[in-house]
Structures are given as C-alpha cells and as structure tokens.
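**Q** Sequence:
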Amino acid sequence: MAGASIVALLTAGAAIAQVPAQAPDDGTVEEVVVVGVRASVAKAVKLKRDATTVQDSISALELGMFPDDNVADSLSHITGVSISRTAGGEGQKVSVRGLGPEYTLSTFNGRILATDGAGRDFAYDVLPSDVISGADVIKGAEAANTEGAIGGLINLRSASPFDRRGQQGIVRLEGDRNQMSELDGRKLSAVYSNTFAGDTLGLLLGVVLEKRDDRTDVAGNDGGWTRNADPNDESWTSGNAWGGSIDPNNNGVLDPEEYGLIGPGQFRVGSILEKKKRHAFTGKLEWRPSDSFKLVVDGLTTKLDSPQVGYQQSFYPLYAPGRWSNMVIKNGIVTSFDMTNPDPEMRLNPELLNQTSYRVVETQLYGANAEWHVSDRLTLTGDVYRSTSKRHSGGQDSYVVLRMNQPNSAHIELTGERVPNVTVNFDDGRELSSGLAKGQFSEADFNTHYFSLAGDNIDDKITGASFKGAWDAKFGWLDNVQFGVNYTDRKKSRDLVNNALTGGADYYSGNYAINVGALGGDVISDSFSLPNFMSKVDSKFPRTFLAFDVPSYQAALAAYDGKPRPGGGTYDYSKAAPAWNPLQSYRVGEETWAGFVQANLEGRRWTGNVGLRVVRTKTNAQAWDAKILQVIENGAFNYTAVYAPPTAIEQNNTYTYALPSFNFNYRFTDELRLRLGAAKTMARPSVATLAPTSTTESVSWGDFTQVYSGNAELKPYQAKQVDVSLEYYFRPNSVFNVAVFGKRIKDQITSSWEPGQDIGVPGHLFNISRPINGDHATVKGVEVGLQHFLDNGLGVRAQYTRNWAKSYVGDEERPLEGIAPSVYSLVVFYDHGPVSLSLSGDRTAGFTTAVNVLGAGYNEKADPITWVTAHASYKINDKMDISLEGQNLLDKANTYSINGNPMLPQGYYRYGASYKLGLSYRF
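Reminder that position 688 of the sequence shown reads as 688 in this note's numbering, one-by-one numbering, no gaps.
Just so you know, the hints here were simulated from the structure itself, not pulled from any lab data.
One or more hints might be untrue.
[To be verified] So the derived label-pair ranges between C-beta atoms look like this:
hint, residue 1, residue 2, range
1, 520, 179, 50 to 58 Å
2, 188, 753, 44 to 52 Å
3, 251, 520, 18 to 26 Å
4, 921, 792, 27 to 35 Å
5, 872, 528, 22 to 30 Å
6, 234, 562, 53 to 61 Å
7, 179, 780, 54 to 62 Å
8, 243, 753, 14 to 22 Å
9, 163, 753, 50 to 58 Å
[To be verified] Calculated lysine-lysine pairs in the DSBU-like style (CA-CA distance at most 30 Å, straight line):
hint, residue 1, residue 2
10, 536, 330
11, 780, 680
12, 277, 916
13, 916, 275
14, 680, 806
Ideal Cβ positions, reconstructed from N, Cα and C, are used throughout, including at glycine.
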C-alpha cells in the first residue's frame, strides 16, 4: 500500500506541472544575507523555539561551511551531547544525555544511515561536515519521528538550492599541521547551487577531497590485569591468574592476604600512524513547478580510506611460580618486581608488535522525496531511499609479534603513570632502551611469535519507504492530524577472515618459532624515533622503534617453506594464511513496518500533540558454531584450539511495540514557555548482538574464555521517559533553558560473566561471557543551557548536563555502561564586521565503559577529558575570507583505568594539538 501510494505521489508532478508557478512581485526586494556565527546561532535558537518537543540544533555558518571540521565536534557543543574520538582525535561516535551511541539513532534528511561497524551507531568520521547544512538533536519523542532512539534522535540536514535562489557557490582550501606529530593535511571543498526555469528547478552540487596524515600515541594492556581468586568474592572465586596465583611468599598456597591480589599481565606502548584520504560527492535536484508540489531527488556518496600502521613494543610479564622476585605490594597491587629467572620461558622477552588496520569505508545514500499540497487542508509526502555502507578488510589487518630471544634480567615498576617503568639488561651488556636508540639490535635477536592476520567484510544495506500525510482539521483544539506508514528492510552481513580458527596465528610461535635472522628478507631495516613521542608520560621505557615491515615479513615466511618444522613435516605458509572464520560471521535480516497517527493541538497560549506509533519488527539471523575438540599446548601461555567442523545456526524473532507519546508547550509570555513530554521509546539491539556468534580466540594466550556475541531473541531496549523544559527567550537570538528528564529503561543489554564453566573441553574450565537483557536501568538528569548574542557582536553559548544512572541485573546494582555523569561546555564568540572569533571548551566527566572486568566492582572507566578549540576568521572582501582554527589546544589525551586508579591504567590515546589555515572564495 505504502509503495503504491509513493509511486502515485512521485508521478503526480506531471499533472501538477501544468499549474503555473506564482509570478514574482513587480517590486524589487533587496536580499540581505547574514552568514557566520551570528546567523548560525540565530537559526539554532529559532529551530529550538519552533520545535514541537525538546530539541537543540546547530546550523552551518553558510553554504558548505559547518562550525567545525567534523560533524561530531560541532554536535559536542549542544546541551547534553558528548562524543568519542578515533585515531587522530577526530570525533566519531555521539552520545546524548549521557547515554551511549547504541541508544542514539542518526538519520540524514530523515533516512536511516547504514554503518560500517557491528552496531547501528553511525561513525561520523566517514561524513565530512561540508556536506550538511545543519543538525537537530531531538531529545523528546513524537509519534511522527522515526523510532529507535532512547538517548536522542540526530537528524542531519542537507542544504537546498532554494535556501537562497539564484547562482551561488563557494570554494575552500585548507591546510593543517599537528604540533605533536609534525604531520600535515590538506582539503579542498566546493559547493555550487543555482535555480533555473523561472525558479522552478534547482540544482546543488558538492565535492570534498581531503588527505591528511595523523598520529596517535597509545598505551594499554591487551592481556589485562591478573587478579588472584578471592573466596570472599562470589564473582571472582576462580580468578584469572592463568599462570598460577601470585604468591609473594612462594609457599604454593593462596593465603588470605593474597586473596584478590592484582599484578600486571601484559602492557604495550607505541604509536599509530594513519594516512587518511576522504572524498565525498553530493547532489540535489529539486523541482517546484507550483506552490503545491515539490519533488527532490538527492544523493550522497563518500569514501574514507584510512589505513593505519601501529609500531608498538609489548611486554608480557604474566606471573608464574618462580618468575617474579622482590615483589613490592601496595594497596592490594604488586607495584614492583624483578624478573631474573634464566629459563627462556620465564624471563621477560620484550616483543615488537606491529598492528595494521585496513579501513576503507564506502557509504552511499540515494533517495527521492515528493510533497503535494492536495488542497488547503491536505498535504501528502512520499519518500523512498537506499542507504548502503561497505567495508571489506577481510584478512588485511595484522597483529604480528616478534619476540626477543636474548638472556636478560628485568625490572617492572608501576608509578601511576600511563606506562610502567621498564628496565631490561641483557647478559651481553646491552640495555633495551639505549640499545634500541643506538641501533644495537638486529633480526638475529628476535624469534617469530604471534602472527594474526584478520579483518572482516561488512555490508550493510537499508531500503526504506514512507508515506505520510497531514490533514488541517481546525476543529476546536485540534489543529491538524499527521499520519503515515514507514517500511524499512535492513540486511547486514559480516564475514570474518582470519587465521585464528585454523591455528595459523600460532603457526610460527612457541616450539615452532624461527630465528628472524634465518629468514632474510630485510624484515627489520633500522631503528627510528618519532617527534614528541609519549612526551607527556614521565616513565622509563624504550622510546625508539625498529622498522618492522609486515609485507616483507610475510614474504620471508613464505620463502621459508619446505624447511623442517619441529615435530615433523616442513613449514608451509599456506597453513598460516587467513581463511573464512564462520564462528564470528553472520547474516542478519530485519524488516520493520511502522504506522503512526499524531494529533497536533493548539489553544490560545499553548500547543501540543498526542500520538501513537506501532512498530512491528521481524528478524532473521544466521551464524555458525563449532565445538572445541582439544587444546594443544605449544609452550608457556601459548595454546592452539582444535575445532570440529562448523554447523549452521538460524534464529528468528518477531516483536511488536506500541509507542505512545505526549508533548505540551505552554507560553506564559512571548518570551517564556514550558515544555512537557512523556513517551515510551525503544532502541533495537546492535545488529551484531542479534547474531549467535562466539569466539574462543583468547585460548591462544592462555585465557580460557568463551565470548558469545548475541542471539536473535534479545529484546530491544525499552524506556518510559519524561521531559520538562523551561525556556526563556529574553532577546531575539538568545535563550536560557533548564530541563529535567527521567528514563526507566527496561531490558537493557549488558554482559553476564560465568566463571569456571565446563563446556566439554577435556582438562579445561572456561569463563563464559554473553549479552543478556538486564532487569532495568534508571536515568535521571538535568540540563542547563544558555545562548546569548549582544548587539556589539559578543556572544556566549554554555551548557551543563548532569545525570544519575543505575542498572540492575537480578539483585546486583551496576553502573550503566557508556553513560557520562556530567557533560558541560562553554563557547565565547565575537562576530562583528569582517572579524569572527570563537573559543570553546567541552568537558566530559569520567564514566564506566565495562563492568566487572576483574570481578564485581572492578570497572573500566574512561577518565575525564577537556577538549578546547578556537576559531578566527577575517573577511577580506565580499568574496574572500581567511580563517585559522586550533583543535585540542590543551593537548589532552583519552585515558582509561580500573575504577579511576592511576596504578591500574587501561588505555592511553594522545592526539596532539593541531592547527588549520583556510581560504574561501565565493561567487
């Protein structure tokens, strides 16, 4: 029904085109166009004031120019919005009111955007800000809006050639420089817009071409922390001390004072180098043959090509009896110890870790939209679209380790810095840090070790259609009625290609290791250092790298084929090559029908709406499973799992939800208004959590854990929410608002942890993690916002959001993952005459990213971060202006730790401060 109606509506233009467009007035009106910060703020205030629910917006400074280079960065200035960043410090994922990206839905002109990740949350780094004209963050709920968001619905808007009739365009050149990495970038963007045929036909074209080199200094611990079992902690009775319980007195018994003792298992430090290329092309053709009909055909295609190479050094001091000596213990943490055991498997063997990522994302969105004012009282709208995202990196990512083979003694010390102190003295007189700096190490000092080749091929395809109407009732309080039906068909597939399932990752490790010097092939070429590397981390560790080339290494391994392999046979590189991994591959289909009716009401001093949206979703998920037949030990902390042939698993699920909504806006005066809203909302599970996939890859390094990714029977998040907002528009372009909100989330998705389970593998018990629907969660919060512009050009925009969140699984209270308790920002700007200046600071408080990582109450947390940017521009004349922008001026890093304890660091990502110079030309 919807499809036929849309087709009829789109073809109705032929008849309507016979109605001549309204002739222009005889008088001449001079158009005054206001651009820049002042116009952007004024439009955002107007959009907020005219909205029918709680909403905040941000608009382009002018055609083709957004306030920030990245859409996510601009959104971070909006009340209640925080962002996470990817390599190079670019904003990538968006959270609203503290709720994580999985609670947020992103659309482009009301159309759902396909994604290249496992979830539904959109990665904003694939979309240049130059292609949009504005964004609305809708925090309330209405029946007429697309379902799927509990935190907020973010709708990105593209420009129209009828925003300003006639010919116009802008060309912009930009160059940037990062102060930490001393790397450069450049970008060309252009937009052309024109109207023709008596302003009945409009065309808008845009292009963005960008190339930039980025660097991110990183530290973390892939192997996690070791924590002894604690019989007094029901969540940690088995512990995760794979090599044996940490035993300071060496009596072979877990003494009470050793319960829950923590020590480092593995840590790494290095830098990620990225060569980012991004291009985007947009087009919009708009036909307005009369005042009663509009047809828009538009398209967007983007490609992000951002391969990464990570040069890192890895240390694996995991405890085993006899491996540590001279231990120092503070507050239940082993903070210092020596490693002097001469056994090659017991000493510290420093590792070279080369990690590459091949990320090429192609995103496309094409659609057609028609709007027909059938009569003075009836308007019909139809829309069809196709959204796709593709990322094919199967087998092209690498995590490759070379392991030192020289006798040594080592000292490890935790100091509260992001990287421990590491001192390694070799028996031949060399020292690790100084030896790397002097080029004293060569291929003969290393053996082959872990050799992981991986990557997934992800395809996401969304087909959508909608048919909507609005009937102007004008009956008492009933102003008009909106109604409609939406159809969405989503098909997402993932094919993981790696060498873990076949044992290829460990093919050259343990007892099968080869001295790299015997390979030849210039695997290690020379030593090098990076400018300002980890300059803000005051620890003693190597700061020089060896140039370790993975393609050359692969070629050398292949050339070694035919040489004898311990245990019989010969080396065969094909046995280590990546292959399709069915255990983490899936096919998910999701078909959704939604219908809504919404009555819009109006009184003398108030407006409001009440509506109902009914959503029916049908899912089909296919994955594969394979049992572990045996586990082969290759050496200390080095195992290979042998699997039975995979068998297919298919799951189906259907659910229907009724989502009522109510909004009420009361105008005390023309300046002061109150908004009330109540609704039931939902957010669907991540696509990956609908697929019954699993992995036991951690068996390779001795962590016997089976991680289930999900199943199709997981229920969506559901929430009952209430919003109250008081808004005071004390000047034409100024507003002060206070809002309180509450959400009770049901069936929120979290992870269970089941230690010491028998899954049928002889001689081994496994920890099991799986996604589950929790009992419920509650989120309460308050928002305060201010936007104010003075006549002299000075202005301020400030916002503060505070929320309180709790999650319950059974009788256990947990933090709700991914929710920042507070977010606030301050922007001061000046826009007068040819000069425009702004300075902004955004701060996100620390929040929990993962619960119970070392037992109940031991949570991974993102530490607080403040991000400061500045912008200055000068209008040379009516056609040209020049600008200078600074990002991350305080040079802050994203850091993570266990419970905020600096002695238990989890991750460190430093991007450096960057500066960008731009030149614009208008015509």
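**Q** Quick check: which numbered hints come out false for this structure?
**A** Per hint list: 1, 3, 5 and 7 violated.
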